[in-house]
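J.: Here is how the chains run, residue by residue.
Protein chains: 2
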Amino acid sequence: MEEKTLSTRRIYDGRVIKLDVLDVALPNGQKSMREIVKHPGAVAIVALDDQRNILMVRQWRMAAERAMLEIPAGTLNPGEDPLVCADRELQEETGQRAEKLEPLGAFFVAPGYTTEKIHLFLATGLTESRLPMDEDEFIELEHIPLEEAVRRVTAGEIEDGKTITGVLRAARLYGI
Amino acid sequence: MEEKTLSTRRIYDGRVIKLDVLDVALPNGQKSMREIVKHPGAVAIVALDDQRNILMVRQWRMAAERAMLEIPAGTLNPGEDPLVCADRELQEETGQRAEKLEPLGAFFVAPGYTTEKIHLFLATGLTESRLPMDEDEFIELEHIPLEEAVRRVTAGEIEDGKTITGVLRAARLYGI
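Sequence order for the protein chains is R and C. Position 163 of the first sequence, counted from 1, bears residue number 163 in our numbering, the numbering being contiguous throughout. Position 63 of the second sequence, counted from 1, bears residue number 63 in our numbering, the numbering being contiguous throughout.
It is worth saying that the hints were derived from the structure and are not from the lab. Keep in mind it's a predicted model, so treat the numbers as computed, not measured. Incorrect hints may have been included.
As the list makes no split between identical chains, a pair holds if one copy fits it or if it spans any two.
Quick list of in silico lysine-lysine cross-link-like pairs, PhoX-like style, CA-CA up to 25 Å [unchecked claim]:
#: 1; residue 1: Lys4; residue 2: Lys18
#: 2; residue 1: Lys31; residue 2: Lys18
#: 3; residue 1: Lys18; residue 2: Lys38
#: 4; residue 1: Lys4; residue 2: Lys31
Take the sequences, apply the hints, and build the full model.
T.: This is the structure in C-alpha cells:
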C-alpha cells in the first residue's frame with residue numbers, strides 16, 4: 001500500500017507553511033504526484049473553568065472569510081514540546097493559566113495534503129496568568145457552558161474542526 | 001475584527017490545491033500577510049451497516065508518511081453538490097450505496113490557512129452498489145463496530161481529524 005517518494009520540488013517556503021510537490025511511485029509501480037503542505041504542527045486547548053464553561057476565542061479567519069468561534073490554539077515553534085506550547089498559548093489567548101494540562105489525543109487535520117498534526121489538551125484549574133496577553137491577535141474571549149457548546153456543535157453552529165473534536169471529547173469525559 | 005485583503009499573489013495552481021499569499025490590513029491598520037491554501041472542499045461519510053459497524057478505509061497518506069484508517073471521503077468537483085459527491089465517493093471507496101444520506105454538519109479543517117470545508121454525512125440503509133469501485137485508490141476496507149471505533153478514538157488510536165469527528169457525532173446519535 002505504501003507510496004514511495006521519487007523526487008520532491010519545493011514550491012514555497014513561507015512564514016507558517018511550506019509547499020512541496022512530490023513525484024511518487026504507487027503500489028502498482030505507476031507514477032503520480034502529491035501536493036503536500038508542510039506545517040510545524042499545532043496545539044488546541046479545551047479549557048474549562050470551575051463552572052464548567054469552556055473558554056473560546058472569536059477571531060477573523062481569512063480562509064473562511066469570517067470571524068469564527070474556536071477553542072484556543074497555536075502553532076508549534078520548531079522542536080517545541082506541545083505541552084509547553086499549550087501552556088503558553090492558553091495564557092496568551094485567554095489570560096488564564098491551567099494547573100492541569102492533560103493530553104486528549106492528537107490528529108492530522110487533513111492527511112491528504114497537509115502534515116499538520118494538532119495536539120489536543122484538556123486544561124483545568126484555571127487561574128489568572130501573569131503573562132501579558134497578545135495585543136495584536138484581535139481576539140474576543142467567550143465563556144460558554146459546556147452543555148451549550150455541545151448544543152452548538154450538534155446544531156452545526158460551530159464550524160471549526162478542532163473545536164468540534166475538543167467539545168465532543170470533553171463532553172464524553174464529563175458525561176454530557 | 002475584520003481583516004481586509006490588500007493584494008493577492010498566486011504562488012501555485014495545482015491538481016487539488018492552489019496557494020495564495022495575501023497582504024492584509026489588520027483591524028488596527030497595520031499590515032500583515034496570510035498564506036492561504038485554496039481547496040475545493042470535500043465530503044466525508046459515516047456509513048453504518050445494519051449491525052452498526054462503521055465502514056472505514058485504510059490508505060497511504062504521504063503527508064503522515066503512513067497508512068491511516070479513516071472514514072470514506074473525497075474531494076468535491078467544481079460546483080458539485082456535496083450530497084452527490086458523498087453518494088459517489090461512498091460507492092467508489094466501499095462498494096456500498098446508502099438509501100439514506102443525512103447531513104451531519106460541515107467544518108473547516110484548519111481555518112488559519114486552508115479554505116477546505118468538509119461536509120459530513122451519515123449513511124444508512126447500505127446495499128451493494130452497481131458502480132465499479134476505484135481500482136487505483138489502493139484502499140483496504142474494514143467494518144468496525146461503532147463502539148470499538150469510539151474506543152479507538154478515546155484511546156488515541158485514530159489519528160484522522162474528520163474520522164474522530166464523524167465517530168463522535170455518530171456515537172452521540174446512537175447513545176454510545
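J.: If a hint holds in the structure, say so; if it does not, say that too.
T.: Tested hints:
Taking identical chains as interchangeable, the C-alpha atoms of Lys4 and Lys18 lie at most 25 Å apart whether they share a chain (20 Å) or sit on different chains (24 Å). For the identical chains of this complex, Lys31 and Lys18 are neighbours both inside a copy (23 Å) and across copies (21 Å), given an alpha-carbon limit of 25 Å. Proximity of Lys18 and Lys38 under a CA criterion of 25 Å is satisfied in both settings, with 5 Å inside one chain copy and 14 Å between copies. Taking the shortest Cα distances, Lys4 and Lys31 sit within 25 Å of each other inside one copy (10 Å), while across copies they are farther apart (41 Å).
Comparing the model with each earlier hint shows no violations; every hint is respected.
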